[in-house]
Every structure is written in C-alpha cells, then in structure tokens.
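Trainee: Letter by letter, the chains look like this.
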Amino acid sequence: MATLFELCSLIRSKNAGPFVLTFDLMFSSRENYERAKRAQPLTKAGLATMYGQREEDITLVYHDHALAIKASMPRPIFQGELPDSDCYGGQQYVPLLHLQVD
Amino acid sequence: MEVRVLAATGVLGAGFKVESLKRGVELKPTFIACDAGSTDSGPAYLGTGKPKLSREACKRDLRLLLKARDVLKVPLIIGSCGTSGRDAGVDWMAGIAREIAEEEKLHFRTALIRSDQSPAYLKQRFEQGRIKPLNPAPQLSEQVIESSHVVGMMGAEPIAAALADGAEVVLAGRASDSALYAAVPLMMGAHPGLVWHAAKTLECGAACAVVPAADGMFAVIRGDHFEIEPLDLAARCTPQSIAAHTLYENANPFLLTEPSGVIDTRDAEYSALSDRSVRVTGSRFNKTQEYTIKLEGAQLVGYQTVIIGGIRDPYIIRSLDTLLPKAKAYFDERIADLFPGQLSSEDYDISYRIYGRDAVMGRLEPMRHSSPAHEVGVLITVTAPSQELANKISTFVSHVSAHLPVPEYQGIISSIAYPFSPPELPRGPVYRFSLNHVVVPDDPFEMFRTEMVEI
Chain A
0 MATLFELCSL
10 IRSKNAGPFV
20 LTFDLMFSSR
30 ENYERAKRAQ
40 PLTKAGLATM
50 YGQREEDITL
60 VYHDHALAIK
70 ASMPRPIFQG
80 ELPDSDCYGG
90 QQYVPLLHLQ
100 VD
Chain B
0 MEVRVLAATG
10 VLGAGFKVES
20 LKRGVELKPT
30 FIACDAGSTD
40 SGPAYLGTGK
50 PKLSREACKR
60 DLRLLLKARD
70 VLKVPLIIGS
80 CGTSGRDAGV
90 DWMAGIAREI
100 AEEEKLHFRT
110 ALIRSDQSPA
120 YLKQRFEQGR
130 IKPLNPAPQL
140 SEQVIESSHV
150 VGMMGAEPIA
160 AALADGAEVV
170 LAGRASDSAL
180 YAAVPLMMGA
190 HPGLVWHAAK
200 TLECGAACAV
210 VPAADGMFAV
220 IRGDHFEIEP
230 LDLAARCTPQ
240 SIAAHTLYEN
250 ANPFLLTEPS
260 GVIDTRDAEY
270 SALSDRSVRV
280 TGSRFNKTQE
290 YTIKLEGAQL
300 VGYQTVIIGG
310 IRDPYIIRSL
320 DTLLPKAKAY
330 FDERIADLFP
340 GQLSSEDYDI
350 SYRIYGRDAV
360 MGRLEPMRHS
370 SPAHEVGVLI
380 TVTAPSQELA
390 NKISTFVSHV
400 SAHLPVPEYQ
410 GIISSIAYPF
420 SPPELPRGPV
430 YRFSLNHVVV
440 PDDPFEMFRT
450 EMVEI
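One line per chain: the protein sequences are A and B, in this order. For the first sequence, position 37 matches number 36 in numbering that gives the first Met the number 0, and the numbering has no gaps at all. For the second sequence, position 87 matches number 86 in numbering that gives the first Met the number 0, and the numbering has no gaps at all.
Everything labelled a hint here was simulated from the structure, so no lab data went into it. Be a bit skeptical, because a hint or two may be false.
As the list claims (entries may be wrong) - Each computed DSSO-like pair below joins lysine-lysine, with the alpha-carbon atoms no more than 30 angstroms apart:
1. 16(B) / 13(A)
2. 21(B) / 104(B)
3. 43(A) / 131(B)
4. 66(B) / 104(B)
5. 286(B) / 13(A)
6. 51(B) / 13(A)
All chains should be modelled from the sequences, with the hints used to inform the complete structure.
Mentor: Here's what the structure looks like:
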C-alpha cells in the first residue's frame, strides 16, 4: 500500500473559473501512474461523499501523457461568496493526500 | 507556412527575464502576446475595476514589450487589461502605453477593444432566451443583470479584425487567454487544432516549463505540428509538462471550450524534440454550431469590517461551539435595538472563522471533530449595507467577542487576544461573482467595441 502523496510529484486543487473546483494529481513516474490507474483510488462516488457533491456533476479523467488524474466538480462554495474561505481553491485537496493505493 | 509566437509571460505585470525577451526577439516572432487578467483572484477586481498588479509592474513589462515590438515591427496583443478586462482596465493600460510612448519616443497604431456589457443589451438577450447557464450557475434575473458589472470574454475575431484594420498594438478588454495567441495564426490560415492547442499551452507563459516560472515561451506552428520551448535557456519543458498544462485551471484537459468551438486534445501526441523542447501533433478544433461568449459579472454584496484575534485558553476553545451562537443571538438583539427599522437580519452578516479548527475547509473538513489545537486564530467578518454600519456593528462585535461568558470562570475575562488597536479593520466593498453564463450573439463582434487610436 502507498498513499497518493507518496506516488505523486504534485497534488493540487485550483479554481477552474469561479464556479468549478478542480484537482490535479501528477504522478512522479509512469509506474506510479499505472498503479493508480489500476487501483482507482479516486472514484466519482468517493469524491461525491468527500466534497458533498452529486456523482453526475463530477468529471474524472486519466491523462496518460501527463501521467495525471484530474477531477473537477462544482465549487462547494462559489468563489468569493461570503462563506468562501479559499479564494483560489488552493487548499481543498488535503483529504486526497493520504488515500491508499493498492 | 509557419507562425512564430512569443508569449511574454503568464500575466503582464508578473515580470519576465530581460534575457528571455531578448532571446525571443532573436527568434523572430510573427507577433507577441500577453494576457493581463484573470478571475482567479476573486470578484473584487471586476467589481471595482481596479487592477490587481501595480502600475509600476505593468509599466515595466509593457515598456519592454513595446520596445521589442518596435524593433521587430510585429503586432503586440495584450488581453484582459487591468485584471478584469473592464473598460476602465483598457483605459488604464492605454494610459500606461501613452506614457511609455512619450518616454521612449515610440509611435504605434493601437486598437482599444472594450468588453463591458450594458444591462440593456443583456436584458434583451436574456428575454430572448439567448443567455444560457453553465453548470453550475447562480440564478440569473433582471435584478442581477442591473446590479452587476458584466464583461464578455471575446474570442479571436475582434482581435483579428483590429489587426486586419492595421492595428500594431491591441489592448483588449476581457478576452479568452487563448484567443490572444490564436488570432494571428488563424488569420494566416494555420491548422485550427494546432493553433488553439498551442495558444492554450502558451497562455500562462512558462507556467508549463520545468521549473514553472513567470517568464516567456516560444512556439512555432507549422503544417502538422507545433513546437514549443521556454525562452530561458536554463528552463526546460517536457512532453509531460506540456501535456499537463492542459490540466491547469480547466475542468477537463481533453475538451477546452472557446467561443467558436472546442479544443480537442484527446488524440494529441507529445514528443521530446530536445531535452528542453516539445513537438505536439494531432490536436483538433471542433467548431460548434453556436458561437457563444462567456459572461463574467460581479455584484456588490455589501461593505465589510474584519476583526482578527487569537484564543489560547483550552476551556474557551472547547466551548466555542456553544459560546459563538449565543454571541450571535446577542448581536441580533443589539442590532435590532440600536438600528430599529434600519437593518433586518438579511441585511447583515456576522461570521467567525476559527483557524486551527475548520476555517479553511468548513463543513468539508474531515478532522473537524478531532482533538482541538492548543491555539486558534479567530477571523470575524461583519458585512453590512454600508461601511459605516459595518464599522459600527463591528465595535460591539469585537467588544462582546472579547468578553465571552466562559462557563469555567466566575468573573469577567478577556477571551480573545487582539493584536491591533483598534481591532476593527474596514475592508471596503465586497463583491460576488453573479454570472456563469454564455450569450449567443448574432456574430462574434456585436458585444465588443473597437476604437483605433494613434499613440
């Protein structure tokens, strides 16, 4: 077992415009990427639970050239709304760091 | 056929190395472009029309680019002037350009392309059902249109038209970042798939390099491929870093929407041309039936005053969940008492963010019920219809928050440590993003106004 943090060279969250939150997981080697692609540590259902979303609103793609997994979803709180505490959406990836990969 | 593209940096005002631009000039670009805006820093810039980066920083970059352009006699395209791309941002950038022209004895024919959208135009299109929500979108109404400042995000067409009309410099309002880089190659008849994919890759400058930097990139678009490299010879890009850039700030890296169609990178192939440059083939551009212009709108929410403090006492920290709602109930009573008939509970907002607990992720925080931190930071925000009201309310909010009735103690106690006197910091107007919609215009030009000026 390994965590996504151990397999990736970069894990980040970011605004994709003010209304969409996106997560990029860049793997540090093709081997690590292929391992995650087989084990599928991220699922739409899992993300939906973690971030309070509907599964059908979540985009989840594997990018073989970029050695990356990307997930996007409606921003749980739109950027700049009074209760939004993360203007750039930059600190929302933390619950993904220690997800286990077989 | 080849088009040689110099991308100066990710955002005008962020800077770039003089050496990098010099090398870019030596590579004989067909044109130079640079984006100058973003919504990433929040709705305040669109709301106020004030730029995010300093005038000095923008002037430094623009001066170097105007001089480079003058040496090469090629077009310089700057988009989303003044961060938001509001008309005020275009005028601000034009003012800087005029100053530079005078100081450097430069002359250039300049197109100012304005992108503010009038409520009258938007209401007409809204009534016609030609404003459509993206997913997700806030609810749109006439009231929202009337109370928002709205810009349209132009495609490549108005920029190309200005260049065809003889513009040497284009200072555009809100524009698709990629359109700044796509306009010239499309005019020259380059392959749209390659053009748009190259444009998308270039728009953040050397953000796609290893290591990412605020610096320039250079691309050459030819018949069936484009080649790309960072201008700084010490920087590299790799097939992975170029492929990965399609992920940046986008929802889907394979399908990227522009006004006239969708960039499709699903069959793109990336190969290393050298240890620092990459060749890309196979990108497509699927023209859509319907031409769409994305709208961005900012609406005034109110005026804000903030209070910053910290709590160290574990007995106070553990009681916050019961103490803060009590404090808020008291504030409601106090406001009703002090401002009778002036403020109803929907007119103001008093919020506590407890840093050290769940301030960053809120209800999504997976550790919100874990053992408390030994110290927490407190950020109180008071939002009201005027700055004066926000300030007045915040004076008793700060006072009461500093004297919470902690059950463990019999007498009065200072329950929050404030670093500042006074603790209340007026923050001015606050805005929200009020639209995530597209307009279906009659043509790519109707929403944008081009003015030709000699500078």
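Trainee: Assess, step by step, whether the Cα of residue 51(B) is no farther than 30 angstroms from the Cα of residue 13(A), and give holds or violated.
Mentor: Holds, at roughly 19 angstroms.
Trainee: Does residue 104(B) lie within 30 angstroms of residue 66(B) when you go C-alpha to C-alpha?
Mentor: This hinted pair holds, its Cα atoms lying about 10 angstroms apart.
Trainee: Would the pair residue 16(B) and residue 13(A) pass a check requiring their Cα atoms to be no farther apart than 30 angstroms?
Mentor: It holds: about 27 angstroms lies between the C-alpha atoms, which stays within 30 angstroms.
Trainee: Does residue 131(B) lie within 30 angstroms of residue 43(A) when you go C-alpha to C-alpha?
Mentor: 26 angstroms, holds
Trainee: Keeping to a limit of 30 angstroms between CA atoms, is the pair of residue 21(B) and residue 104(B) held or broken?
Mentor: Distance ~20 angstroms between residue 21(B) and residue 104(B) Cα, so the pair holds.
Trainee: For a C-alpha distance cap of 30 angstroms, please report whether residue 286(B) and residue 13(A) respect it.
Mentor: 28 angstroms, holds
Figure legend: structure checked against the earlier numbered hints; every hint is met.
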